[in-house]
Every structure is written in structure tokens, then in C-alpha cells.
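Undergrad: Protein chains in written order, with my numbering: chain A, 1 to 310; chain B, 1 to 427.
Honestly, the hints are just simulated from the structure, not real lab data.
It cannot be assumed that every hint is accurate.
What the hints assert, rightly or not - Simulated pairs of lysine-lysine, DSSO-like, Cα-Cα distance not exceeding 27 angstroms: (1) B:366 / B:253; (2) B:395 / A:93; (3) B:316 / A:93; (4) A:125 / B:253; (5) B:17 / B:30; (6) B:316 / B:17; (7) B:392 / A:93.
Claimed, not checked - Restraint ranges, calculated between C-beta atoms of paired labels, are given here: (8) A:208 / B:294: 33 to 43 angstroms; (9) B:69 / A:227: 32 to 42 angstroms; (10) A:4 / B:133: 55 to 65 angstroms; (11) B:322 / A:78: 19 to 29 angstroms; (12) A:29 / B:69: 58 to 68 angstroms; (13) B:322 / A:204: 23 to 33 angstroms.
In this text, all values refer to a predicted model and were calculated from it rather than measured experimentally.
We put the CB at the ideal spot given by N, CA and C, even for glycine.
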Amino acid sequence: MSTRWSRKDLLGLRELSAEEISFILETTDAFKQVGTREIKKVPALRGKTLVNFFVEPSTRTRTSFELAAFRLSADVINISATTSSLTKGETLKDTARNLEALHADILVLRHSSAGAPQFLGNRLKASVINAGDGAHEHPTQALLDLYTIREKRGKIAGLHVVIIGDILFSRVARSNIFGLVKLGARVTLVGPSTLLPREFEKLGVEVSYKIDNVLPNADVVNLLRIQHERQRKEYFPGIGEYTRFFGLTKERAKLLKPDCLIMHPGPINRGVEIDSEVADGLQSVILDQVTNGLAVRMAVLYLCGGIATT
Amino acid sequence: MSVIIIRNGRVIDPANKRDEIVDLLIIDGKIAPLSQFSDFNSQPEEIDASNLIVAPGLIDMHVHLREPGFGHKETIESGARSAAAGGFTTIVCMPNTSPVADTPSTIAWIKERAAAAACVNVLPTGAISKNISGAELGPIGSLAQAGVVAITDDGHCIQNNELMRRAVEYARMVGVPVLDHCQDYNLVGNGVVHEGYWSTLLGLPGWPSAGEESIVARNILLAGLCDHPIHCQHVSTAGSVRLLREARGRGVKITGEVCPHHIALTDEAIQNFNTNYKMNPPLRAQADVDALLEGIADGTLSILASDHAPHADFEKEVEFDAAPFGIIGLETELGLFLDLLVHKQRKIDIARLIEIYTVEPARLLKINAGTLSTGAPADVTLIDPHLEWTVKIDKFESASRNSPFDGWKLRGRAVRTIVGGRTVWKL
């Protein structure tokens, strides 16, 4: 194992250095190449057990981790909130300790509470990978976003990345902010004032409420989904008004530079934050993000799993 | 006949404006004039208080003893021992138990348990609303007759301003003050930490300052309207301090209280998601801490209390969102306030600190405590203001361990606690 990686857990991008983030992206290059081979499987984690522990629903991220683990030859168990004993009153700590007693080596955790991965990472010998915790962090999503930008534009430093939507409740936004700022990008956040408090400026980014002023200067736009499930009604007047003020409509997309990338972590709400034609257009790299997500997660599992078991 | 003489201590008795090095005589559990000492032949118990402060027994008017109902967190017995170890001879317990202390029979049960098992004086409060649900008034008059020293829905806050108004008006008739946990439920929502830089960074739901201040403002208006005291518990924001300062300047019967954690810590402490930094109201920003310190210095905030809130390890050792609010404080509060307010920040002197812990709550609650007057119950706290010590939670008398102050080095603490002439704890 390289001396450039020494963590058993991936909890968030805030705690990583620029060098550590770059190292994950470099490692991803190797695993992306594996995906193009006829035999897409390597023995890196053979004999290791990975538990996908999803205490909040997810299809895309869970499937991506599962496939990544298969390709690394790990054994995989999936546990979701409805099948876990959390519904019987067992605490997160006890459930996790039981999984560890079964010699799970890697725990991939999706949880509705910010900090849940830190909580487990501090208590378990197993490697803990954050697959999204509340509105806190979603590090592998941000890493795949960074990887996709680097792949398509050849660099990250100096680019102007615009993140649009529900920033307040978005773990994707936070992880992207931490990663992009560390790697030298200029970041502008755009969204309704209720979902984008000025406090965000203290994280080293710009805040704007006027999307039409920002789009012409963007090298990348990353659109976030409006998270109905996290919000109380008071945050904005309605979906129609949201689209009118912040949706990436066909008309608005014309403001973009021709080489500006359009990204979205999914799932997409067509016609809400992005017009259907724009999502499927030439500037969209939304499906490349999904492909890269697999390689990024292979890299993360390989790096952290290697530390946890050495 | 029992005779105790406390020798050579610095007696600070703010109720009688005394501050002098003098002996203190206790006869049969009451403070006696020194002139009576020579009358006795029997050998008195002598306590050497050289280099110590001899203070009236301290009062903490905001404590959760958890009984009835939550004996796994704390009992009246263990909570009282914890109080004694912190230098407190009188504690006021909150009514959010199970059942809620909203009937005379529950108050009677608490008093009975306290008489049987507590080594310090335990004074109960009663709920303002039935089952502290904020929907209809509890039997405030009957609770007063049963001996509550105040009414409060602590832990909850009555949102209906009309109901609160009638509660305060009715409390005036029966002569009990109203204590309020100030929290606007709509503004606060599911907030768990101060809304500001750290909540933004960590994605934890924010608890905005305005959620406290709007209720402090409401209480100022109602205290004025009803001409009856309302006490704002655990004040945490700069805005609340401004509101209270203005209102008290006009003579409104409104008071405010500060807990040690709100001046010892800021919201920066939450960054590792340690639930021993989760309390309600939450840890605030440095500007709020500074405002609280000024408020204590200029008398705007006239009460100090712990909001001692015991929780079992298994309850606190969960996800941050899921953890209960609150920390224990009886055994660290005097040390923290001496260290921070008196020694480090020099906001008040030790005589004022003792006044805040004795005269102020005794006056607010109209109780016979907090004085070394002749004939008063011999509740006495001996304090070594310069003793350096390290907080060790595994040595606590409390049944719970949920404190963020483990390992803190503090200067000053109680070294002996005397209740009714009997030493109930000593270092």
C-alpha cells in the first residue's frame, strides 16, 4: 500500500488534503481502465466482506458500491433500513458491532443523520465509507464529480464551477465545495435565498441569487435536485416558481459557453431543475458521472480496505 | 445539643453584607451568634476553614433529578449527592419527569423521596400546563399549596401566548414565579445546533438565535402586562441579553439565567459530532458568549444554574440528531464559574458570585435559604477559591457521565458542604 494513503475511513472531503484527493483521482484512473477490459474483475479485495448498510433509501449509490465491490472480488451483503434491526429499536452502534462480529471488513454507510459515519468510524476496526450522511457529506459523489471534470476539462484548478439548487440540505454541495476549493477551482453557489444562506460565503465560495448573471462565466454547472423529503413547506413558494428562477431551461442553456459541462448527481427531475433536452444534450456529462462513479468507488474501497486490513 | 464552630474562614454572607475573617457558630443545625459559644461546656466539633471561604449554602435553581420515571439517568438520592459534591445545599428540580410533576400527589411523592433519601434540600417545581403539553393550564393553585417554589414547563415552552398570559396572571394570585424555557417551535423546527457557521459547514439542522429571543421578548411583554416575575432559563444569545437589559432597566419583573456551558464553550465544539456538546439551547457563537459575560458583569443576568440534565451512556452514544439534549453540571459549575468568571475573565468578584448563587435565587423563589443570619438553617458551603483540580467524570457522584468537561483543569471548588449543620460531603 502506498504511503500516500493512510486512512481506514472515508468520512468526508473536508478532512482530506488536496494531495489525498488527487491521489484518489489518480488511483481511479487505474480502475477506470479495468472497466474497459473484457474481464472487468480484479482480485484486490478477494476474501474481504463488504456491508452496504443503507439506513436511508438509495438505488444509484448502493448499486454503484455493490458493483464496485464485485469487481474487486469482495463478498457483499446489502442491509437497508427496512430489513435492519434499527426498526426494532437496536442502536446504530449495536447493529454495527454485530456486523463487525461477523468480520465485516468494510462498512458502506448511508444515513439520514449528519456525523453517523464519524460515529461508527471512531468505534469500529472496520473501514467505514460514507455514502451520504444527512446534509453533511457525500464524498464519493464529489470525488466522481471532480474526476469527471478533470477527465473532460483536463484540470480543475482555475475552473469556475457553479452549483445550483438546494444547497442548504445538500451533502453533495458540501462535499463538492470542500473538494473544489482545495483543488483550486472557483466556486459559485446559486439558489433560492432560503436554501442558500450567506453563511456559505465563509466556506470560500461566492453566493449568487441571479442565475442569468452567473451562467455565462461558468466552466461547469452542477445542478442539484430539490429535496422534497428534507424540506418543510416554508422554504420556497413552489416548484413552478423554482423552475422559473433557477431551472436550467433550454433558453437559459444558451447563456452557457459551448464547452461548459452540465452535471447532475441524479436522480434528475426533468422539467424542474433541468429541461429534458438539456439533460440529454451534448454538454451533458450526467451518464459519464455514473460510469466514473464506479471507478471512483473501486479506488476508495481499494485504498481504505487495504488500510483496514493491514 | 450539637455545636460546631467553623474557625478562621473568610465569611462571605451577601444577604447581611458581611465579608470578614471570623468564626461561624452552628448550634443544633442553626446559625448561632458567636456570643453563645462560651456558654457551652461540651466539646464542640471544630472545622478549620483557614484560607477558605465560608459561604451560605449555594442554591442551584435549575436541575433535572429525573425521578419519578427515569431512575436509570439519575435519582433524587444520586442527584442530591451530586449537588452536595458541587457545593450546593439547595436544588430546585424540574417537573419533566414521568409522570410529569403536574399534580399535588406527584409533588408529595417527590418531597417524600427527598426527605427520605436526599442529603441536600430538594425543592420541587410544578408544571404550568397539564402534562407539559402546552394545551391547558395545570392545577397551579393546588401545586402552590403542595409546596412548589415555581411553575415551569422546562424542556418545553408554551407556544400559545394567551395560555402563557393566563398562567402568569394565575401564578401571581398564588404567589409563585414562572420559569420559562424560551424556544419558539416554528422558528427552531428540528434544529439541534446553533444556526451559524458550524451548522452550515456540518449540515446539521440549525437552531436560530431568534428562536430564543422571540420568546424572551414575549415573556418581557407578559411580565409587564401581568406585573409578575417571569424567569428566562438558560439564556444563550446576545439578543436575549439586549432585550433583558432594556426591560430590566424599565423595572419589568424579568430575570435571566446562565449555564456554565454557554460561557465555557462555543458551537465550534460540535465539529466532531460528540453528543456531550448537544444541549438545548445549543452552544452559541463567541459573540454570544461575550454578551453573556457582559450581562453577568452588569447584573442583567442575575442567576447562574447548571441545567443538570443526566442521560445514560447508551442514550447519548447515538447519532447526533437522535441524541437527547443536555449535560450534567452540578459537580463542575462552581469550578467553571470560579475559574472563568472570577479568575480568568474577572467579570465579577467572588462575593458577587456567592450572591448570585444565594441571595438572587432565594429572593426570586421567596425561599428561606442563602443566608448566614442568626437562626437560619445552617446550610454552609466551604470553598477553596484557589484549589487547582482536574475534572474526572468517573469520580462523579451523579448516576450519569454526560459531561464535556472531563479532563478540564479548573481553579476553585467547594471542599465541604454542610446541610442543617451536618456535613454531607467533603473533599
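Undergrad: Which of the numbered hints above does this structure break?
TA: Numbers 4, 6, in rising order.
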